[in-house]
Amino acid sequence: MRQFFTFVRKECYHVLRDRRTLLILFGMPLAQILIFGFALTNEVKNARIVVVDHAKDNASQRIIAQIAASNYFELGEDVMDRDRMEMAFREGTVKLAVVFPANFHNDLVHQNHAQIQVIADASDPNYATTLTNYVSSIIRDYQTELSENAALPYRITPQIRMLYNPQLKGAPNFVPGVMALVLMLVSVMMTAIAIVREKETGTMEVLLVSPFRPVWVILSKAVPYLFLSLINVLSIVLMSVFVLRLPVAGSWLLLFAESTLFIITCLTLGIFISIKTKTQQVAMLVSLMGMMLPTVMFSGFMFPIENMPVPLQVISNIVPAKWFYIIVKSIMIKGMGFAEIWKETLVLCGITLFFFIVSLKSFKIRLE
Amino acid sequence: MTRKDSVIKTEKLTKRFGDFIATDEITFEVLKGEIFGFLGANGAGKTTAMRMLCGLSTPSSGKATVAGFDVYRQTEQIKQHIGYMSQKFSLYEDLTVLENIRFFGGIYGLDNRQLKSKSEELVQRLGLQSETKKLVGELPLGWKQKLAFSVSVLHEPKIVFLDEPTGGVDPVTRRQFWALIYEAASRGITLFVTTHYMDEAEYCDRISIMVDGRIEALGTPQELKIKLNESTMDGVFYQLARGAKRSD
Amino acid sequence: MVTVNNITKTYNKGAVKAVDDVSFSVEKGELFGVIGPDGAGKSSIFRILTTLLLPDGGTATVDGHDVVKDYRYIRNHVGYMPGRFSLYQDLTIEENIQFFATVFNTTVAENHHLIEDIYIQLEPFKKRRAGKLSGGMKQKLALCCALIHKPTVLFLDEPTTGVDPVSRKEFWEMLKRLKQQGITVLVSTPYMDEATRCDRIALMQHGKILSIDSPQGIIRAYPGPLYAIKATDKPRITQALATHAPSFSSYIFGEYIHVDPQGVSSKYLTEELTTLLAKEGFREIEVMPITPTIEDCFIKMLTK
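Heads up: the protein sequence lines correspond to chains A, B and C, in order.
Using the UniProt record's numbering, read the first sequence as starting at 1 and increasing by one per residue.
Using the UniProt record's numbering, read the second sequence as starting at 1 and increasing by one per residue.
Using the UniProt record's numbering, read the third sequence as starting at 1 and increasing by one per residue.
Keep in mind the hints are simulated off the structure, nothing from the lab.
Note that the structure is predicted; figures quoted are calculated from it, not measured.
It is possible that some hints are incorrect.
Claimed, not checked - Estimated spans, in silico, between C-beta atoms of each pair:
#1 Gly290/A to Asp205/B: 53 to 59 angstroms
#2 Ser186/B to Arg17/A: 49 to 55 angstroms
#3 Asn105/C to Phe354/A: 49 to 55 angstroms
#4 Met288/C to Ser186/B: 24 to 30 angstroms
#5 Lys279/C to Gly68/B: 40 to 46 angstroms
Said to hold, decoys possible - For lysine to aspartate or glutamate, the following DMTMM-like pairs were computed, each having C-alpha atoms within a straight-line distance of at most 25 angstroms:
#6 Lys179/C to Asp193/C
#7 Lys88/B to Asp38/C
#8 Lys126/C to Asp212/B
#9 Lys227/B to Asp233/C
#10 Lys126/C to Glu11/A
#11 Lys230/C to Asp94/B
#12 Lys234/C to Glu230/B
#13 Lys9/B to Glu216/B
#14 Lys278/A to Glu138/B
#15 Lys278/A to Asp90/C
#16 Lys13/C to Asp107/A
#17 Lys127/C to Glu230/B
#18 Lys208/C to Glu131/B
#19 Lys133/B to Glu94/C
#20 Lys127/C to Asp212/B
#21 Lys234/C to Glu183/B
#22 Lys199/A to Glu94/C
#23 Lys225/B to Asp38/C
#24 Lys227/B to Glu94/C
#25 Lys278/A to Asp56/C
#26 Lys32/B to Asp21/C
#27 Lys88/B to Glu200/A
#28 Lys361/A to Asp66/C
#29 Lys176/C to Asp234/B
#30 Lys13/C to Asp94/B
#31 Lys227/B to Asp199/C
#32 Lys234/C to Glu284/C
#33 Lys230/C to Glu183/B
#34 Lys169/C to Asp199/C
#35 Lys88/B to Asp193/C
Stated by the list, open to error - Anything over 10 angstroms on all C-beta distances counts as not near chain B; from chain C, calculated:
#36 Gln89
#37 Gly135
#38 Thr161
#39 Lys169
#40 Tyr191
Every residue, glycine too, gets a C-beta built ideally from N, C-alpha and C.
Please model the entire structure based on the sequences and the hints provided.
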């Protein structure tokens, strides 16, 4: 046991004495949160919108006037047909369109109910949500005003359509994504590099010819990275709570327990890579291409998995970050408990166990 | 040109890294066709000095010309007129013998006809006729080093810098290697050699021994032995370098 | 202490034969040298004996234990210093020594007497990181780390390669003192002049052992006389001899040319050589019979 602790201490020296490693370890989560966070706090002002008014009646004109009066929006050409509207969206010259059906006022007066279509360019989901919220509230104001002197309340339903990104992926979802990304980087790449470095410098040779069991060499190299990764999780969560004002809806304890599980998954992956590679460069490339890329592509954090072709959806299932992403989203944003995420947890456990066994099997007590 | 022409000339050549003076006002001259042994303990400043002479590093102060070109301003011309070979990097292991010769010859601007005749001549001299299509990585170390040396003189440079060219090579090959060096010297090429083998110091026309950034001794092996009253070069080196304060 | 029986090791699926049917044994307390150029198979033998590689054929034991089956015992009892500097560059001298002491289940205090002589030279710099040390100092530190658990056998793979002659000399002095403390030492080197510092040596080339004996024994076994020649215009001497005495083998050796008459024995060879050279126009001729060095023996074996 004393050997084990000495080893862990030595490993901490390595980390603390290498400024570049330290920068990656602690600078990266900070930078990522700030970059993504900056994109979040987008104030909407003078957004270009268009109106397609098929009704051209009193009611529609009133609403259009109110939209124009608000300083959130800058109204483009008044009358456009649908084709020209779609063109404008594709060109990116407008961010939102409000479509009034023919007989808008008639429907409202006679059926007490009418619909307005609100179409938004959701390729920037935060922006689109904010815009539709503003429009909806203007419509609601008009509705209240109208209903004040009526027997039956009038109802105007804004039908919201999000173009390009119907699920509105992004917004508060990036925090779990950043967590998965940072943990992948720290736990997989850093661990793999740290172990392979010993092979490269020849110290592994000396350690092999010692009473210290080789398996312990590997395990004790992973321990410091477990703690470093936990510190990273904590710093990301704290930043999201205090800087981005995104509270943790569910249990903190559960969040950290699940994070620990994911870190262990990553560490086994890192160890696996280190066993299979001989140089730091190769280890880094494999970690980046083999781990980071799938994490970005298939975790559902950048691109919605539901929109992918079926084969890619199947592939996404073996990406551990996908499951972790679902878990963290469920806990942090939806406030769910263990009962709702046990399946995902089980999958993560399975992946971890698989790589642990494969690593143990392929581990060599001698040089190649 | 007479034999008295100098091809390397330095005057108080100095290189500082912050407070650290890697080479400290070294002054020496190397003549055309001479085999000049550049000796010193680990970290005495040999590598730094050699880098300056090859035009890879700008001196902090002092003067130096290599093949008649200034080490401050004419580094590109210097590189055209020198050859370089070290124990660590010499040839591409994953290219064949012929590909390596063609590549390095091409770098120095030999045209196709020259390349063809030169490479044939080289292969014949080394007795590598049957190995031309072999990857250099498959050759024994001794052959690699001989090939690397021959490639470094392919473009008939005025000076060749050899950084520990015979490290780890067996004694027979080591002597074959020196035969190549002598042969190059007889063609008027100047050879600037570092080595840790003291018997090889004897093969040089003149040697310098660096200690702590300064040249502590300079002369023919015989002169140095008489001056320091030692019977072997080993003794000379030991006497001078024992007092070294620094290394690496 | 160490026995090697018909060990063979190949790489690249048999394409490269690194060690070819090698056998030797080393007694307790011996300073044994494995001498040969790069690629002779020295490192492969050391790695097999330190259980880092599996031999393709043959058996070997260290301290009475099989290198394949009892690898765990051997790893507990030997010290190993690989060919390149293999300590932690970002740890200080002190931290490196302490780390290796703990890894080997011991403390620095317990075996301090073993490393005392060497450590005294390192102590003033104990807070300095290993990466900032000079070549000679790194070597001493590596030796300390390999010694800290009082190994029964010490394997040093090319500890002096690329190190300047002064540091090399100091290093061999240290090995001599270790030997006096009863530690068996196996050391490999490409420098022939270091052979005489060993009790016994194995000369190696192309994976094979050319000869095993004490350095004196190897020198005594040199067939026939050897002459050293010195004269003006040294490079031309070998050419002159090749033309006028083609059966002789001659090669440069430091300030001399060594001449092996290859079996031709004559009481008057000294005079004959002097006359021959004088006729060729050489001046200041010196010819004398000499005792061969290990390097001469090695050359003789390679050219046989």
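Hint check results:
One distance hint, 53 to 59 angstroms for the beta-carbon pair glycine 290/A and aspartate 205/B, holds here, with the actual separation near 57 angstroms. Between serine 186/B and arginine 17/A the C-beta distance comes to about 53 angstroms, which sits within the given range of 49 to 55 angstroms. Our hint of 49 to 55 angstroms for asparagine 105/C and phenylalanine 354/A is violated, since their Cβ atoms are close to 34 angstroms apart. At about 28 angstroms, the beta-carbon gap between methionine 288/C and serine 186/B stays in the expected band of 24 to 30 angstroms.
At about 42 angstroms, the beta-carbon gap between lysine 279/C and glycine 68/B stays in the expected band of 40 to 46 angstroms. For the suggested pair lysine 179/C and aspartate 193/C, the alpha carbons sit about 19 angstroms apart, so the restraint of at most 25 angstroms is met. Restraint check for lysine 88/B and aspartate 38/C: satisfied, since their Cα atoms lie roughly 13 angstroms apart, inside the 25 angstroms limit. Taken as a hint, the lysine 126/C and aspartate 212/B pair is honoured in the structure, with Cα atoms around 22 angstroms apart against an allowance of 25 angstroms.
Straight-line distance between C-alpha atoms of lysine 227/B and aspartate 233/C comes to about 22 angstroms, which keeps the hinted pair within the 25 angstroms bound. This hinted pair checks out: lysine 126/C and glutamate 11/A have alpha carbons roughly 19 angstroms apart, not beyond 25 angstroms. A C-alpha spacing of about 44 angstroms is found between lysine 230/C and aspartate 94/B, which places the hinted pair above 25 angstroms, so the restraint is violated. Our distance criterion of 25 angstroms between C-alpha atoms is met by lysine 234/C and glutamate 230/B, whose separation comes to about 21 angstroms.
Distance check on the hinted pair: lysine 9/B and glutamate 216/B sit about 17 angstroms apart at the alpha-carbon level, within 25 angstroms; holds. Taking the CA atoms of lysine 278/A and glutamate 138/B, the gap is about 21 angstroms. The hint holds against a cut of 25 angstroms. A hinted pair counts as satisfied when its Cα atoms are at most 25 angstroms apart, and lysine 278/A with aspartate 90/C qualifies at roughly 21 angstroms. With a CA separation close to 85 angstroms, the supplied pair lysine 13/C and aspartate 107/A exceeds the 25 angstroms bound.
For the proposed pair lysine 127/C and glutamate 230/B, the alpha carbon gap of about 39 angstroms is over 25 angstroms, so the pair is violated. Among the hinted pairs, lysine 208/C with glutamate 131/B is consistent with the structure: their alpha-carbon atoms are about 24 angstroms apart, no more than 25 angstroms. This hinted pair does not check out: lysine 133/B and glutamate 94/C have alpha carbons roughly 52 angstroms apart, beyond 25 angstroms. In summary, the hint linking lysine 127/C to aspartate 212/B is supported, as the alpha carbons are separated by about 23 angstroms, within the 25 angstroms threshold.
Distance restraint check for lysine 234/C and glutamate 183/B: the Cα-Cα separation of roughly 13 angstroms lies within the 25 angstroms cut-off, and the hinted pair is therefore satisfied. Of the pairs offered as hints, the one joining lysine 199/A and glutamate 94/C holds, with about 22 angstroms between alpha carbons and a cut-off of 25 angstroms not exceeded. Among the hinted pairs, lysine 225/B with aspartate 38/C is inconsistent with the structure: their alpha-carbon atoms are about 31 angstroms apart, more than 25 angstroms. Between lysine 227/B and glutamate 94/C, the direct Cα distance comes to roughly 43 angstroms. Violation of the 25 angstroms bound is thereby established for this hinted pair.
As the CA atoms of lysine 278/A and aspartate 56/C are separated by approximately 23 angstroms, the hinted pair is consistent with the 25 angstroms bound. Under the criterion of a C-alpha separation no larger than 25 angstroms, the hint pairing lysine 32/B with aspartate 21/C is inconsistent with the structure, at around 50 angstroms. For a cut-off of 25 angstroms, the pair hint linking lysine 88/B to glutamate 200/A stands: about 17 angstroms separates their Cα positions. Distance check on the hinted pair: lysine 361/A and aspartate 66/C sit about 24 angstroms apart at the alpha-carbon level, within 25 angstroms; holds.
Between the alpha carbons of lysine 176/C and aspartate 234/B the distance comes to roughly 20 angstroms, so the proposed pair stays at or under 25 angstroms and holds. Only pairs whose Cα atoms come within 25 angstroms are accepted, and lysine 13/C paired with aspartate 94/B is accepted, the gap being roughly 19 angstroms. For the proposed pair lysine 227/B and aspartate 199/C, the alpha carbon gap of about 35 angstroms is over 25 angstroms, so the pair is violated. A threshold of 25 angstroms between alpha carbons decides the hint, and for lysine 234/C with glutamate 284/C the separation of about 11 angstroms falls inside it, so the pair holds.
Taking the CA atoms of lysine 230/C and glutamate 183/B, the gap is near 20 angstroms; set against the 25 angstroms cutoff, the hint holds. Between lysine 169/C and aspartate 199/C the CA atoms are separated by roughly 16 angstroms; this keeps the pair inside 25 angstroms, and the hint holds. Of the supplied pair hints, the one linking lysine 88/B and aspartate 193/C holds, its CA atoms being roughly 23 angstroms apart against a limit of 25 angstroms. No beta-carbon of chain B comes within 10 angstroms of the beta-carbon of glutamine 89/C; the shortest separation is about 12 angstroms.
Not every Cβ of chain B is farther than 10 angstroms from the Cβ of glycine 135/C; the closest lies at roughly 4 angstroms, contradicting the non-interface assignment. Its closest Cβ contact with chain B, about 7 angstroms, brings threonine 161/C to no more than 10 angstroms, contrary to its assignment away from the interface. With a cut of 10 angstroms on Cβ distances, lysine 169/C falls inside the contact zone with chain B, its closest approach being about 7 angstroms. With a minimum CB-CB distance of about 8 angstroms to chain B, tyrosine 191/C fails to clear the 10 angstroms threshold, and the non-interface call is violated.
In the structure shown, a violation is registered for the earlier hints numbered 3, 11, 16, 17, 19, 23, 24, 26, 31, 37, 38, 39, 40, in ascending order.
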